[in-house]
Each structure stands twice: as C-alpha cells, then as structure tokens.
Amino acid sequence: MKNFISIKDIPSIDKALEVAKKVKHDRFAYKDLGINKTMILIFFNSSLRTRLSTQKAAMNLGMNTMVLNVNQDGWKLESELGVIMDGDKPEHLKEAIPVIGSYCDIIGVRAFASLDDKEADYQERIIQQFIDYAGVPVVSMEAATRHPLQSFADLITIEEHKKTARPKVVLTWAPHPRPLPQAVANSFVEWMKETDYELVVTHPKGYELADHFMEGVTVEYDQKKAFEGADFIYAKNWSAYNDYGQILSKDRSWCVDTEKMGLTNDAKFMHCLPVRRNMIVSDSVIDSKNSIVIEEAANREISAQAVLKMILEDL
Amino acid sequence: MKNFISIKDIPSIDKALEVAKKVKHDRFAYKDLGINKTMILIFFNSSLRTRLSTQKAAMNLGMNTMVLNVNQDGWKLESELGVIMDGDKPEHLKEAIPVIGSYCDIIGVRAFASLDDKEADYQERIIQQFIDYAGVPVVSMEAATRHPLQSFADLITIEEHKKTARPKVVLTWAPHPRPLPQAVANSFVEWMKETDYELVVTHPKGYELADHFMEGVTVEYDQKKAFEGADFIYAKNWSAYNDYGQILSKDRSWCVDTEKMGLTNDAKFMHCLPVRRNMIVSDSVIDSKNSIVIEEAANREISAQAVLKMILEDL
Amino acid sequence: MKNFISIKDIPSIDKALEVAKKVKHDRFAYKDLGINKTMILIFFNSSLRTRLSTQKAAMNLGMNTMVLNVNQDGWKLESELGVIMDGDKPEHLKEAIPVIGSYCDIIGVRAFASLDDKEADYQERIIQQFIDYAGVPVVSMEAATRHPLQSFADLITIEEHKKTARPKVVLTWAPHPRPLPQAVANSFVEWMKETDYELVVTHPKGYELADHFMEGVTVEYDQKKAFEGADFIYAKNWSAYNDYGQILSKDRSWCVDTEKMGLTNDAKFMHCLPVRRNMIVSDSVIDSKNSIVIEEAANREISAQAVLKMILEDL
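Protein chains in written order, with my numbering: chain U, 2 to 316; chain F, 2 to 316; chain V, 2 to 316.
Next up, chain U with everything else stripped away, as it sits in the complex (with noise of 0.2 Å):
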C-alpha cells in the first residue's frame, strides 16, 4: 500500500478489517515497523480528532512525528501554476511538498474543499500535488471530497456493534449553521457500498450528493421513512454539491431525536464529531446508552494505525 486517500487504496475490505483487529488487540505490537521512521501531518485546517489520534497511531508504531500547521507555523501555499507570485503567498506546493517530504517517510495531510471552486475541488487538486510531487506515501487526514481514516473508523465501528450480517444502515443529512463539505458524507458512502450492509440516504431535496459516490445507492427523502427498522443511524450535515457550497435549509426538523429513534431497530447513533448538539442530534439522543460516538473516535486511532502499518510494510 502507498497511499491512502480513498478505499481504492486499500487491498480489501476484509484485509484492512483483520489488520484493524490486530491492531486494536496490541497497539503496540509493532513497534519496530516505525523506528527511525518519521510522519509529517500537515494541516491546512483546523482538527482536533484527526491530529490527536493519527500522531497516537504513528508513535504506537514507534514513529517520530512532526506536526505542521500550515498559515500559523509556516506561511501560505500558492497551489496554482504559472502564477507570478507577487501576492500573499511566498511559496509554491511545488516547492513545498518534496522538501517537506525530503524530511519524512510519510506525510499526513489535511486539506478541506474550499467550496468555491467545484470543479479544483472534485479534482482534488491539493491533495493530488502532494501525491504527485511528494517522493513519500501520502495519507488523507481529510481531502476536499473523502474523509477515509473517517469512513474506516466508521467502518470497524459499525462490525463492532452489528447485531445481524446485513444491518441496515442510513446516512441521515441534519441542519447545521455552517456551510460544510461533502467529504465525510461521499466516502461514508463509498466505503459502506462495499460492504453487504443495506445503505440508505435521506436528505432534503437539493442535497443529493455527486452521482459517481450515489450510483446505486437508495436515497429516501422521507427521513422518518429512512429510520423504519435501521440499525445504525449515522448522522451529518453537509451543503449542497449541485448549487455548489449553498445551504439550502436549516430545518431543525432533520435533528436527530428521541421521537424518531424510536422507528428504528434500536438503532445505534453514529456521528464523526464535531457535533452540533440540538442541531444535528438531541442531548437525549447523544446521552443515550445507544449512543457510540466515543467508541467511534476512538477507533480513529485503530484506523489510523492500521493504514500506517500496512504502508510501513510496504515502504
């Protein structure tokens, strides 16, 4: 494995599980993978989860780490091409992004869409910079279409808690104040779509998600209608990606609460935090025992690390 940036990047579902499995058993089992080897993470936004529990995982493998914010510890990064670079901007990603990885092993990542640019942001344009002129694995610590240390969380999460071979499980779009990008709920997605699970999706109109992420997938736009008989409900907001960006409601009525938990199959609720208690979910909802969204964290850790390991092995 060299990078990982979305689930094609991984050998199989199957493999990447059994490799999670081993590591949760003994996070430190493997710790000579890591020596003298360093990992880079590179923030281009703001992360608490994703920064705490990918440096656990790199030193669990005995790894040095170095953490770079950039905009706050560095400067800005020009990521166009050809510019003259007279601006607020005084180093380019084609500069930046071999040094940093002339100093590391692997490089960690994170870099939201921007939200402005569609098109920059479904080509992955940072992202694939660093892909192309880094020299080391790169990993997504969250790019501007896909989370997938998130979605493998989720992932082990979900195998974890499962009662029945096939639970059915339902992205649920809730309101938010914000504008956010689409990525957690794409590679959510992505990744449940490969397995056996049932996957549905409800959101309101105007939410529905880029077609090469939905085919396939059912979508109900009845919310209620969505959680008959779920086993997990996963909730998150997300903008619209067809009026690029926008917030097309706010309508509190999409909060996960008491009342519509109950048409589930005594439902698990699942959420990649941060969450906006009141909006996305109730405080009755995320206090409740049938709430993992702690464990769901904490498996970010198992996620993370497996992801390492399978690239250590392979450097």
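Each statement offered as a hint is correct.
Which copy? The list can't say, so a pair holds if one copy fits it or any two copies do.
Cut-off 20 Å, straight-line C-alpha distance, at most; resulting in silico cross-link-like pairs (DMTMM-like, lysine to aspartate or glutamate):
hint, residue 1, residue 2
1, K32, D106
2, K9, D197
3, K90, D288
4, K90, D284
5, K251, D89
6, K290, D133
7, K25, D106
8, K290, E260
9, K251, D87
10, K290, E160
Keep in mind the hints are simulated off the structure, nothing from the lab.
Dock chains F and V against the given chain U, drawing on the hints supplied.
Using the frame of chain U, we list chains F and V on its own:
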C-alpha cells in the same frame, strides 16, 4: 494518586517532597514507567513554563506527549449544558474530553479563570468536566482557582533554600496593568498552610482572597511591616475576589524594591513568572543574588515529574 | 563546539563537511549521542524548512524535541533592558531565556531582523541575549544578520554538485514584493569566502551588503556579465542595507530566466526557499534539470544534524 487538581490529591507533603527529591537526583531513572504511555497537554490559554516543563517531565519518564492548543490547532469548545449549538463553538466538552481521553493515559489541562463569572470559576466548571468525562487521570496545569504544579515547585524551592526549620514566608500583592486570576495566590496559600512555615499575606484593602483559602492565615495590610524578618518574599499580582476580577489599585509603591528587601532577614525573592519588571519587582531585586526565580521555575519540571510519576505508578 | 551563530563557531570547513558526510551516510548511526537530551526550538517567526529539518536532525540523533512558537503558544517577550513593563509584553527575555535553558540541553532560536532598527539588528541583540542568559548551547535557526544552517547546507550542496575544484559561484539579487532581511545573503557570502571558490555578487546599485561581510568580495553590477561562465547561480532577494530595510527596486529584469542561465557554464540553480516563482526565478529555470533547490533544502537536515552532533559531543 489519580487526578492532581489541588494539594488534597497528594498523599502527603512529606511523601511528595521525597518523590521530588528522588526525581531531581536522577530524572531519567524512571523511564520504564512511561513506556507506551501518552500524555496530552491541552491549552485553553498561553503557556511557556508550564508547556515546556510538563512536556519535559513526561518525556523524562519515557512518555510520549502531544500538545493541543484549543482555539488555535482545533476550535472553540462549548462548556454549557443543554445549549442549542448554533453559534461559534462547533464542539462540546462532553464529546471532546472523552475523545481526547481515549487517545492518551493522562490529560494535562490549562484553563484560566474567566474573571467574568465568579460562580463558574470557583466551581471549577471546566476542569471538573475533564475529571467527569476524561476516563483517565487529569492534571491541572493551572485551573480557575488553583495552580498546584506551581505551588508544589514553590514548596520544593523553599525547602532547598530555607535556613531555619520554620521560615517566615510572605506573600505580597504587587501592581499589574491587567486583571489576573487569583489562582497562584490561592494555591500558594493552600500549600503553605500545610507546612509549619510562618505565613503572612499582605495586600491593599479590597484584595482579600476567598475565605476558604484564607482561613487561619495572617493578613497584614502594611507591606513594610509584613516584610520585617521575612525569609522568603513571594510576589504576585491578583485581581479582587470580592469585586470579582476588578483592578482596585495600580499603586506602584507596592513594587518590591531594594529598600523593602532591606527590612527582611536577607530574604530570597520568589515569583512564579512571567513577571513584569519594575511593576511587580525592581530590576535591582530580581537581578540580585537573593532572587531565586529561575531555580523556582526550573523546579516546575521536578514538581510535574513527581506528580506524573505518582500517577503512573497508580495507573 | 558550543554555540552555532556564524561560521566562526565551526572548527573548520573541512571538519564540518566531513561530519556532514558521515551523518548523511547513516543518519541514525549516532542515536546514542542524544539519549536523555532535549532540544527546544523557539520561533519568533514563521518557519517551514527550518522547523522540520532541525527537529528531524535532533530526532535522528535520539534527542527529544519541543517547539515553542513565541507570540502564539506563549506571549510576546520584552527584550529592552531597564523598561517598566506596563505594556503588552508580560515577560522579559532575561527570565524567559534561562528558564527555557533549564528545561533543555540545546536551544534553537529563529529571530529575524526587525528591519526597523539597524543597530539592534546588526548587534544581534536577540540571539546575543540567548547566548548570554541560556546556560546551554544556542543554535541560530536564522538570526538578524546570518542564517548559518542554510549556508552550511548550501556549501554541502555545492560540494556534492561541483564539477571543478574551484567553481564560479554567483550570488544574484532578484526582485520581491516585500522587504526581506540580508541574513541569507550575508551568511552565504561569509561561508563562500572561507572556501576557495570564485565568488561574484551581483545586484542593482544601492543593494550593497554591509562592508564587513563584503570585504574582498567581487561585486559586478551587470547581472549578465556576472553570470558568464558561472557554475552555480544562487538567487536571493534582500532589502537595502544602507537605506536600511528599504525596497529600492522591483525590477523584474533581474528575474533569473532561461536566457540568462544560457550565459553560464551549464550552472546549477540554487535558492534557499521559499521562492517566489516568476519574480525571483522563472518556472522554466526552477523546473529544469539544473535546479537543485530541493536537494539543497534536503541538506538542511544534514547541516543541522552535523551541527547538533558536534555540539552534543562537546556537552
């Protein structure tokens, strides 16, 4: 020992001082204790000494460390319960804390008093939520009402420099351009009361500390009288407790200068740092041979390491 | 070797190059040297390469590292003596430096020229206070007038790429939208003068560097003439030294382009980075096979490690 929030958490002053002595004698003798253990240091506020000394202490013990600057590396965290989170805080402490706890073995937290809400500050609502939700031991790196790692370092320093069994220790208020919390002063009083030193507190009228800290402690409003025969002068500014968070005086005659030090028993000068020269203390005093502020700061590594050692042994 | 502030601190160029070669051959061969040793890296200014390469170098040697971003993680530090500290700077370097020194074995400092106060800059008041107060070795990660880790890396790079014993090395000024310090240019001249290379400096009139750096160095105001027969073109912007900190020219005809490179002896192109494309150098030159800017940056890890190795051996 589980958490370290106040002097009540240590087994006894004698035991704590004994551990500190051992640690100072050979700070790398206990590196096995921290193998495969991780400490996360969370800063809601700026830090220089606490940041570096606590991280160093953890590394001396063989631990891995990760640092998170809230609001800067991550985002603002909501601490109120029951709120509809449609404002500028995208995550609640009820999620953030257990998630952080899931990635580490010990959490260190710095969260200053707001100085806005006396009740919230003196109930220690932030650090108390960490204790309630973390699932792992919590170490205060200065909370709203106490700074116990500082006070423990102060105690170690006095023990190293005292010339008599029962030195006279004077805590003196001094002026400062900004309103500061009472945490260092409260905590210093709390620790000194547990020793058999003679403790005198001096400050302008109106700067009385909270009763439950001051019970049984001598207050002398005449600074010069307080200094007579003192073996240690501990200077510190704080804002008013009764007129909560207010600056009642900027009277520079309270600055600790050579003349006042002349009234003492050749006293050592102490301050927790950072210190405003020529506001709190004159250049002549802080640059004199009697100033032990650097040794005092250096002992922050020792107090932190002693605390972490005791916690690691009880994990 | 104690401090590393300028070329005067290394035993000799030959010895330094020999250490660099050993380190590059096996960068993990000296991990025992740094066991139980800690380096603190202090940044008064932004940094990408220096931050990562110096941290990496220290970790290669088995050291622990801690990073402090002044003004951001901590607070503003006062550097003037005798001042009444009632402004926005809560701590003086006279306290901050020895305290930081007490938590580590080596301090690295980045503190750029102010470009406001020529005398303070050229007296190196900040880094000199670190040397005076730290109590441990101090390594410049770029100070007001020199950037010796960069110059050492430049030297290593030229040694690796030179085709003749005495290559012609040309330092050329190039335009930039912002006023930059003279540190990289000063330091490059200082190091090149110690070699037996042929050194030529070219810049528009008014951009003369300080006399004590330029003594005995050839200046050629005609850029094209300077380029003739060159083996290495080293581009860099700097603001004026005489009209201190001023931008006297933004003349884009000084940009290093393919036509000018055609005048050289198939010269390699060098720059310390970050570089403004199509201001300092055209895309065509920096993207050509003759550009060695990435190897040059990669050698920052080597120069830092060689310096730290020599310091650790003399601790």
